[in-house]
Amino acid sequence: MLPRNRLLLFFLFTTFAAAQEESSTRISNPFTTDEDRAAGAKIYQSQCASCHGLDGKGGQGTPDFTTGQFRRASSDEGLFQIVAKGISGTTMPAFNLDGKQIWQTVAHLRSFHLRRAASAIPGDPNKGRELFRAHNCARCHQSNAPDLTKLARNRSAAELRRSIEDPDAEVDSAWWRIQLTLNSGQSFEGRRLNEDTHSIQFLDNQGKLRTAAKSNIARSQIIRTSPMPSYRGKLQPEEWNHLLAYLISGDLP
Amino acid sequence: MKMILSLLAALTLQAQTTPPADNWPTYHGSDFSQHYSTLADLTPANVSKLSLAWTHQAHSLEKFETTPLVIDGVMYLTEAPNTILALDPVSGRPYWVYEHKLPEVTYPCCGKVNRGVAYSDGLIYFATHDAKVLALDARTGRLRWENTLIDHRQGYSFTHAPLVVKDKVIVGSGGGELGIRGFLAALDAKTGKEIWRFQIIPGPGEPGNETWGGDSWKHGGGSIWLTGSYDPELNLTYWGTGNPGPDWNPAVRPGDNLYSDSVLALDPDTGKLKWYFQFTPHDEWDWDAVQTPVLVDREWNGRMRKLMFWASRNGFFYVFDRANGQFLLGKEFVKQTWAKGLDERGRPMRIPGMGPSKQGTTTYPGVQGGTNWYAPAYSPRTGLFYLTAWDDYHGTYFAWDQKYEQGKWYAGGGVKAPVPPTRRERIVTRDTSDGYAAVRALDPLTGKVAWDYKMQDMSESGLLATATDLLFSGNRDGHFFALDARNGKLLWRRYLGGQVIASPITYRAGGKQYVSVAAGHTLFTFALE
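Taken in order, these protein sequences are the chains called C and X.
Numbering-wise (the working numbering), the first sequence opens with residue 1 and increments by one.
Numbering-wise (the working numbering), the second sequence opens with residue 1 and increments by one.
It is possible that some hints are incorrect.
[As the list claims (entries may be wrong)] Listed below are the simulated DSS-like cross-link pairs for lysine-lysine, each with C-alpha atoms no more than 25 Å apart in a straight line:
#	chain 1	residue 1	chain 2	residue 2
1	X	Lys218	X	Lys408
2	C	Lys214	X	Lys454
3	C	Lys85	X	Lys403
Because the hints were derived from the structure by calculation, they are not lab data.
Next up, chain C with everything else stripped away, as it sits in the complex (with noise of 0.2 Å):
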């Protein structure tokens, strides 16, 4: 049976058409049991995964869902706007679904990341921010290294363990390093933050933010590989898992 105030939220909602995000966030999804979540999957197989995967994981510049984090809503009522009007610019498009439907939709989005955080491993997280800090792992990670707040969020306790073990295994294209000279023979080295046909974006070494023009640099050479060294064989198992169920927290400094 269906609850009666299900069926009234609902109601309020689609009838109201409730846009305004101000006053979203007391309306939260009323269709989330396991056969709504059910229902959602099929629904999200047949209209969405074309273009944000079967595993939810995003297709083509599409978002990841698994990370729980949605860039252009922050509830349940502000992703159900986006399934029924779409995001304008975008090739997001507005779905001929009912408002059962759309909500049992956001119910299977928001599993992707209840799936995830089900295979959170074992350890203490509280251990893990001491070894953190023995490791002085904020030295660099604050400043100018991936920020592993919104990161660890995105990883598997494998994927991040391969990455301290292994840093240069997978380096994100957002973390290149570029080392260029001018014609004019002055070089630099830094962060590779951008780059068009015509020109570069860096962060140089000494936090200057830079932009050199293509047709002034005489060489250049982009560094694909990690500046964070190796924490093979430096931890024992237990202090593994305090570590990164600490990453996995995401409650970091």
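Since chain C is already given, all that's left is putting chain X on it; use the hints.
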């Protein structure tokens, strides 16, 4: 008298196939769709002095895919979703705005875009997301007639600029991802009354229906979302058709799936099919043949022929005799891994196992193809065919079962790729190993690359060639630029800060030559100071 008449006829013909000097009269610039202008004020010597004359900022934040027309001192421009404006092409000041009211839910697959209008004899023609064709008074923007061609709730949407051929307006429908059955319709230009309709997916009893297993023809796709071309001498109009549906689950539609992914040559008076050529029979990758039919009269093996040049999304460049559809040449112009080549009739010799699968199959080119709807250009001066190419570009194609439901997505699979299909990213750090774009000049007699202008990111920009050997284009980086059409050398560029996802045009007004292009959400117009 007879001589004068034939001279007049020749002049009229000339006017239809190359743009009258000052105007940009049709979406593709002329009936032959060469995106070539005879205007010559701007030259390689002075183009470096090109500067901003005015801008027009759209109210819409949708992708700005419009290509304006300029007719006798008035510019006609569209904004997404379904707005039409008349502007002064010298100052950019609007004369009138017409906003077509759309229903709450419409069905364009990939953004609520529009690409432009058509003009003829004082009327502006426009096709809407709710499957209507409108005729507006060009002076006032007042609605003259309106005709609804189909129930848009079945997944139909009109996004392209209509084509006027003599006394008819020709329009087709998008919806290849929503299980439509595509068509092309011709309406009486004066009244809006439908004169003929060509079903792109043939029904039972019609030739071609046997290329669809079972009932699969009913939702077979075959959309139209780009304007065609016209040859007045042959009295044929040419249109490229979209993918078969569902896109990535070809198992449910055994056969060649005619006339998806084809060029159609139709009699514009009757809608009768004169000939067709299918680029990708039984397409498994969503490689619509929605490209510009570029018509060229040129010598081929020692005799003058009426040719058609076509760079297909499937990665091959083709030359046809457009009088009869004879396949003359086919050659790959980007990296592709799905065909060993083309046979003597132009049919691809498929490499097995390159179609979508449950676990994903990586194939070149990716879903946007070796090129797409971005207008190519042809210069009769250089004899080169110019296109926006996506090279070294792949996709991983997935297939799954999907049931048809009216008005819903019907793609039967999906694609993963490191390169976003149409969206500009403000930060791009990936390198060109996952794919890059180039303005690529092909020798159409051989299909060989004459020169390349490579870019860091992809490009969805069309091209514009001029009689002074300038070649204009833009890209996803946000640049708009002029190349030397003879060798690809960069002559001028401006950073506009938004992606160019339309074609540049050129026109003359108030004694000056202008160049206009939509980028981001703004139309930029340049001239010499």
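So, going through the hints one by one against the coordinates:
1. For a cut-off of 25 Å, the pair hint linking X/Lys218 to X/Lys408 stands: about 15 Å separates their Cα positions.
2. In summary, the hint linking C/Lys214 to X/Lys454 is supported, as the alpha carbons are separated by about 13 Å, within the 25 Å threshold.
3. The suggested pairing of C/Lys85 with X/Lys403 holds, with an alpha-carbon distance near 23 Å, which does not exceed 25 Å.
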